[in-house]
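Trainee: Sequence:
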Amino acid sequence: FGSSLRLRCSQSAPASSDATATMSHRKFERPRHGSLGFLPRKRTKHTLGKIKSFPKDDQSKKPHLTAFMSYKAGMTHIVRDVDRPGSKLHKKEIAEAVSILEAPPMVIVGFVGYVETPRGLRALTSVWAGHLSEECKRRFYKAWHKSKQKAYTKYQKRWADASKDGSPMAAEIDRAKKYCQVIRAICHTQVGKVKLGQKKAHIKEIQINGGSTADKVDFVTGLFEQEVKVADVFSQDEMIDVIGVTKGHGFNGVVTRWGVTRLVRKSHRGLRKVACIGSWHPARVQFQVPRSGQRGYHHRTEINKKIYRIGKAIKDDPNNAMTENDLTEKGITPMGGFSHYGEVNEDWVMVKGCVMGCRKRLITMRKSLLPQVSRKATEKIELKFIDTASKMGHGRFQTSEEKAKYYGGEGQKKARKAAEAKAAEA
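Numbering (my numbering), first residue to last: 854 to 1279.
Calculated from the structure, these hints are not laboratory results. Hints should not be assumed to be uniformly reliable.
[Claimed, not checked] Simulated restraints on C-beta separations:
1) S906 <-> Q1141: 26 to 34 Å
2) K880 <-> V935: 40 to 48 Å
3) E987 <-> G939: 54 to 62 Å
4) M1245 <-> A1272: 32 to 40 Å
5) K1031 <-> E949: 20 to 28 Å
6) S888 <-> W1133: 39 to 47 Å
7) R1249 <-> S1065: 56 to 64 Å
8) L1116 <-> V932: 44 to 52 Å
9) R879 <-> V932: 21 to 29 Å
Idealized CB from N, CA, C, for every residue including glycine.
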């Protein structure tokens, strides 16, 4: 009996409530494997990420959007000087990994007004714009090509009739101004501008903070059917939170999924197992015991990501990866494109570190919920170099011109022909 009790203790020893108590022996007590804070570890229902809370509203500020949708393109690295007086790294060069998120302008197509009740928010009214794009309407259908494609045609007619007499949907707009406390804009991405092979736009409600309710409603109705760029919502050196779904890894055992220790080599019936899954009574397996199952494809919100740069689209700024120290004319897309993604032609955001999920996945950027005052948060970032070498292989060259110059002959001929073709198109 004593040995079985010890086994059980070794599997699920709870943390001691007494802070001063020390661990008696490694054989009897130890920290548990894996966090219980992320239970249940199952495939998420919110495949496009859900904004579970928005920043606190400050009515003294102007009305503004609090989040933006983007697509993960890939990663690269940058070189910069650290500006952190007192640190050993101060004024030293540092290489850091960064993620590139492609963020084509969003379109605002409506808003929802909420009233605060003792049981939380309740949607009171919603107003849509007079015209919705095809990629937005596709989201309302399972099979667009088979359907009659009649979504919002009656609403559009009502909007057109009302706009002849005066302001359309005036009654609903006045109702929202009078009774609502929270206004959220209905936004959709322009998924056709990102080469994902997808035609359905992604739609989300994004809260508008700042100003009175009337100001918020006027702000959002003024943006109906308008494009909103990522630079209108976020700025460089800002700290943001990213919301998305992690990369899926399917069904995994306890050693991979929870990080439990393997058993000894000669153990009976396998060794990548939990030795004791609990005592006889209670005659159930407790939820704290590591079990095999789904790993990855979980919904996650990661806070405090710093924006290193907000880049413009290729048509506005073809050399958007240049810096003061590196005057090579180059765009952010590395040679050969981002692997499993392609080229970044629209606006983009460079975020420090990694971002959850696979490439092409929708990532929602949200303004930070807390005032950011730490030294890292307030540090000004000046990039010296952005790497655009190929992400397949060792990446010796930053641009195709550099490669052609090195190899000469055939490469130069190809580069010249490409330049001539570009000139002819222009």
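Trainee: Are the hints correct? Go through all of them and say.
Mentor: Status of the hints after comparison with the structure:
One distance hint, 26 to 34 Å for the beta-carbon pair S906 and Q1141, holds here, with the actual separation near 27 Å. In this structure the supplied range 40 to 48 Å holds for K880 paired with V935, their Cβ-Cβ distance being about 46 Å. Restraint check, E987 to G939: a C-beta distance of roughly 56 Å satisfies the suggested window 54 to 62 Å. For the pair M1245 and A1272, the beta carbons lie near 24 Å from each other, so the given range of 32 to 40 Å is not met.
Look at K1031 against E949: about 50 Å separates their beta carbons, and that is not inside 20 to 28 Å. Checking the proposed 39 to 47 Å range against S888 and W1133 shows it is violated: the Cβ atoms sit about 28 Å from each other. A C-beta distance of roughly 58 Å is found between R1249 and S1065, which places it inside the suggested range of 56 to 64 Å. A hinted range of 44 to 52 Å for the beta carbons of L1116 and V932 is consistent with their spacing of about 46 Å.
At roughly 44 Å, the beta carbons of R879 and V932 sit outside the given window of 21 to 29 Å.
Hint violations for this structure: numbers 4, 5, 6, 9, all remaining hints satisfied.
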